[in-house]
Amino acid sequence: MKKQTIALHKGTLRDETYGGVNTPIYISSANAYIGREDPVYPRYFNLPNQDAVGHKIASLENAEAGLVFSSGMGAISTSIFAYAGNGDHVVMLDALYGGTHHFATAWFEHFGVQYTFTQTNAQSVMDAVQDNTRVIVIESPTNPLLAVLDIEKIAQFARQKDIITIIDNTFATPVNQTPLDLGIDIVVHSGTKYLGGHSDLCCGMVACSKEKMKKVLDLARVLGPSLDPRCCYLLERSMKTLALRVKEQSRNALKLAQFLEAHKAVSKVHYPGLESFNGHEIAKSQMSDFGAMLSFELSGIDSGKFIAGLKFISPAVSLGGIESTICSPAVTSHAKMTQTERERIGVTDSLLRLSVGAEHIDDLQQDIDNALKNI
Numbered sequence: 004m005k006k007q008t009i010a011l012h013k014g015t016l017r018d019e020t021y022g023g024v025n026t027p028i029y030i031s032s033a034n035a036y037i038g039r040e041d042p043v044y045p046r047y048f049n050l051p052n053q054d055a056v057g058h059k060i061a062s063l064e065n066a067e068a069g070l071v072f073s074s075g076m077g078a079i080s081t082s083i084f085a086y087a088g089n090g091d092h093v094v095m096l097d098a099l100y101g102g103t104h105h106f107a108t109a110w111f112e113h114f115g116v117q118y119t120f121t122q123t124n125a126q127s128v129m130d131a132v133q134d135n136t137r138v139i140v141i142e143s144p145t146n147p148l149l150a151v152l153d154i155e156k157i158a159q160f161a162r163q164k165d166i167i168t169i170i171d172n173t174f175a176t177p178v179n180q181t182p183l184d185l186g187i188d189i190v191v192h193s194g195t196k197y198l199g200g201h202s203d204l205c206c207g208m209v210a211c212s213k214e215k216m217k218k219v220l221d222l223a224r225v226l227g228p229s230l231d232p233r234c235c236y237l238l239e240r241s242m243k244t245l246a247l248r249v250k251e252q253s254r255n256a257l258k259l260a261q262f263l264e265a266h267k268a269v270s271k272v273h274y275p276g277l278e279s280f281n282g283h284e285i286a287k288s289q290m291s292d293f294g295a296m297l298s299f300e301l302s303g304i305d306s307g308k309f310i311a312g313l314k315f316i317s318p319a320v321s322l323g324g325i326e327s328t329i330c331s332p333a334v335t336s337h338a339k340m341t342q343t344e345r346e347r348i349g350v351t352d353s354l355l356r357l358s359v360g361a362e363h364i365d366d367l368q369q370d371i372d373n374a375l376k377n378i
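Just add 3 to the spot in the sequence shown (first one is 1) and you have the numbering used here.
Don't read these hints as lab results, they were simulated from the structure.
Among these hints, one or two may not hold up.
Unchecked claim - As a list, the in silico BS3-like pairs of lysine-lysine whose alpha-carbon atoms are at most 30 Å apart:
#1 Lys243 with Lys287
#2 Lys250 with Lys164
#3 Lys250 with Lys218
#4 Lys339 with Lys243
#5 Lys156 with Lys271
Using the sequences and the hints, build the whole thing.
Below is the structure:
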């Protein structure tokens, strides 16, 4: 099946009583246990609606198993601590999502986990590995500079060293990139973004082999970041249009990146689909399309005044919705990092991150152009 068909049909539980084409919502937290090895319970991540969404993300990521969490941070923190504990070392990108970066700096030491942040390239990641390294955590494209890494190179190196690799695939989505096919062990998503796609859910996803999932699931059942079945139902409904949304949004993003790159008021555009982008060739080799996220910097223009001049591109935290949103990462996604840390990875105060929606491209370009002209 193609991704568009998988998104629509995989994981759906048919209504055997009335013949409904949608998965029914199973809300009971008390279920019969006699004759079952594994009792059904919300915190055990095995309600029918949780299973349905897990099966869908597994199918989209070409994985054997999928698990839905109550947030992206719940998904990635559980995945890391399932394989790294007291005395272990974790290699992480400097340019990871700000929440993941903060998780490491604020809590790893408390649990006895050592860590090293690296630059966003495969060689730096490999050079940071130590004898006690147990996990490598990467993100490609990164948030918010859209840097890309050679995923397969890192995965092959890690396999030789018996190190678990985890990738945040939120920006690319399984429509544009399937890291497990490149050798990655565990794929994580903030489902709040493209998988939910309508800016009204908070959730996370993990996809991997059944063997790797066992440790993730065992820890998840103790920590308890499970997702309510009603939200699972809404998530499954949203995921049915994932391929349609992401393809249209990706087309818009490429056109908008080209428009911004040629605009005299813009000094720099970060988007893997641009031929001028540093990681363009790597992105071409491992992505089917370049995604719907981009970031850019204005040339001597007050970014706050620019944002205030936009008519329908909304200033908002989060991303991946069907509508276009814009924000300053320095005061949103990366606000918990120090200014020194932000400057080190290139997140300047003038950087703007644009989540491109499915509006008509002419209207998106006009909104940006008008806001720039009015300053």
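Hint check:
For the given pair, Lys243 sits about 26 Å from Lys287 by alpha-carbon distance, which is consistent with the 30 Å threshold. Between Lys250 and Lys164, the direct Cα distance comes to roughly 37 Å. Violation of the 30 Å bound is thereby established for this hinted pair. Restraint check for Lys250 and Lys218: not satisfied, since their Cα atoms lie roughly 34 Å apart, outside the 30 Å limit. Among the hinted pairs, Lys339 with Lys243 is inconsistent with the structure: their alpha-carbon atoms are about 34 Å apart, more than 30 Å.
At roughly 28 Å between alpha-carbon atoms, Lys156 and Lys271 fall within 30 Å of each other, so this suggested pair holds.
Checked against the numbered hints given earlier, this structure breaks hints 2, 3 and 4; the rest are met.
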